[in-house]
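Working from the sequences, and respecting the hints, build out all of it.
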Amino acid sequence: MTPVKVFGSVAFTNVARVLVCLEEVGADYEIVDIDFHVKEHKSPEHLARNPFGQVPAFQDGDLMLFQSRAISRYVLSKYRTDEVNLLREGSPEESALVDVWLDVEALQYDPAMSSVFFQHRVVPALGGMPDEGIIGESVEKLRKVLDVYEARLTKHRYLAGDFLSLADLSHFPETYYFMEMPYAAVFDSYPRVREWLEDLFARPAIKKVVSLMAKDFSG
Amino acid sequence: MAPMKLYGWAVSPWMARVLVCLEEAGAEYELVPMSRSGGDHRQPEHLARNPFGEIPVLEDGDLTLYQSRAIARHILRKYKPELLRSDNLQESAMVDVWVDVDAHQLEPIIRPVVFNVIIKPFTGSDCDQDLVDESIEKLKKTLEVYEARLSTSKYLAGDFVSLADLTHFSFMRYFMATQYAEVVEAYPHVKAWWEALLARPSVKKVMAGMPPDFGFGSGNIP
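Keeping their order, the protein sequence lines are chains A and B.
The numbers in my numbering rise by one with no breaks, and the one at position 55 of the first sequence is 55.
Count along the second sequence from 1, then add 1000; that gives the number in my numbering.
Because the hints were derived from the structure by calculation, they are not lab data.
Be careful, since some hints might not be right.
Stated by the list, open to error - Just so you have them, the derived chain A footprint on chain B, three or more residues with Cβ under 8 Å:
| hint | region |
| --- | --- |
| 1 | 1085-1097 |
| 2 | 1100-1111 |
Stated by the list, open to error - Calculated cross-link-like contacts (lysine-lysine; reagent style PhoX-like; alpha-carbon spacing at most 20 Å):
| hint | chain 1 | residue 1 | chain 2 | residue 2 |
| --- | --- | --- | --- | --- |
| 3 | B | 1138 | B | 1191 |
| 4 | A | 42 | B | 1205 |
| 5 | B | 1080 | B | 1205 |
| 6 | A | 39 | B | 1005 |
| 7 | B | 1204 | B | 1191 |
| 8 | A | 78 | A | 5 |
| 9 | A | 155 | A | 144 |
| 10 | B | 1205 | B | 1005 |
| 11 | B | 1005 | B | 1078 |
| 12 | A | 42 | B | 1204 |
| 13 | B | 1191 | B | 1140 |
| 14 | B | 1138 | A | 42 |
This structure is a prediction, so every number in the text was calculated from the model and none was measured.
We put the CB at the ideal spot given by N, CA and C, even for glycine.
Structure below.
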């Protein structure tokens, strides 16, 4: 069986998201790098895979997908077993809660974090000055989100319930980079959130993707 | 079985996204109106349903859901799974792709236009015209992708209507009430797709509760 292909460098959070899912299900996959320095992401070949000129793109035979959480859903559904059912297919109530918390990650958690990352890391790399006002606002937004997470994780082991799901895994990539910034201290006030993150970061699939990300940066 | 309850104000595009799916599914539901200006969503009673203090919220028996697309998926999975293509892995993947395109590529562009052009004048704030202009430029590039897609398939996920199409309706409804509608209409396949959506009975019904000024003009402030 031909391995599936993931287009894009693992350093990108959206690519890392897909790789975590592939690792969790134990699928055979190949990473194809897309070189942003030579604008490969805007090449006709890549636009045919991802019309927005972004990464990741994903290929399984004739099927070409983009949008990392859509790809993640496909991977987790295709390779689902009784033991590894991270979308909780077969249980309408559980899969609805996975959908809720995946959207919370995508639309509440991730934007607050990536805004801080953009100001603190990307803007200086592009020769600009971080906007401390935006950083402050984003950290406040994140705090409000973490208040909710702390309460939720006090009642349940994981976000959608007492079972691990894509909703939890999807938090890994952005959090990984956030923890390297001084603003990571915002997590100090949230003990259950920290435990939940430690649990996630201890998973072999996540450790594997972390090692790929580390190699990518040093390479 | 008790009908599902949907909490919120019907003019909200997030609320309307769910209402369209309820209507498509033909599901029994009760709309529990809430007052935005009255701050109902910040009251403890509502925070117990949705700790993020937002609407819509769906109660279906013991299950309480929020995040409009998650609610939409639940309703369709239960009552009209063909709109998710749940039985076909490749087709459901395409539905998921274009639902996320709405969430991450389109809505973030049209939302600030709607907010600045329609809402701000009523709330006494100045329209950020630079932001609107920037958004319109981004929109044109994004619409090129939609136009190319809709030139090769009747609907976004394929030749079948799905949540991917329905999810777009509510924000577009307001955008198309602004002077920038012509930007969308310049793309013939996007225009035809939009008109097909408007022709759906579910969309017509929900649109009746969505005055183009969000109710501000008539004094029915949400």
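The hints, checked one at a time:
no.	hint	in the structure
1	1085-1097	holds (count 7)
2	1100-1111	holds (count 5)
3	B:1138 <-> B:1191	holds, 18 Å
4	A:42 <-> B:1205	violated, 42 Å
5	B:1080 <-> B:1205	holds, 18 Å
6	A:39 <-> B:1005	violated, 49 Å
7	B:1204 <-> B:1191	holds, 17 Å
8	A:78 <-> A:5	holds, 14 Å
9	A:155 <-> A:144	holds, 18 Å
10	B:1205 <-> B:1005	holds, 18 Å
11	B:1005 <-> B:1078	holds, 15 Å
12	A:42 <-> B:1204	violated, 39 Å
13	B:1191 <-> B:1140	holds, 13 Å
14	B:1138 <-> A:42	holds, 16 Å
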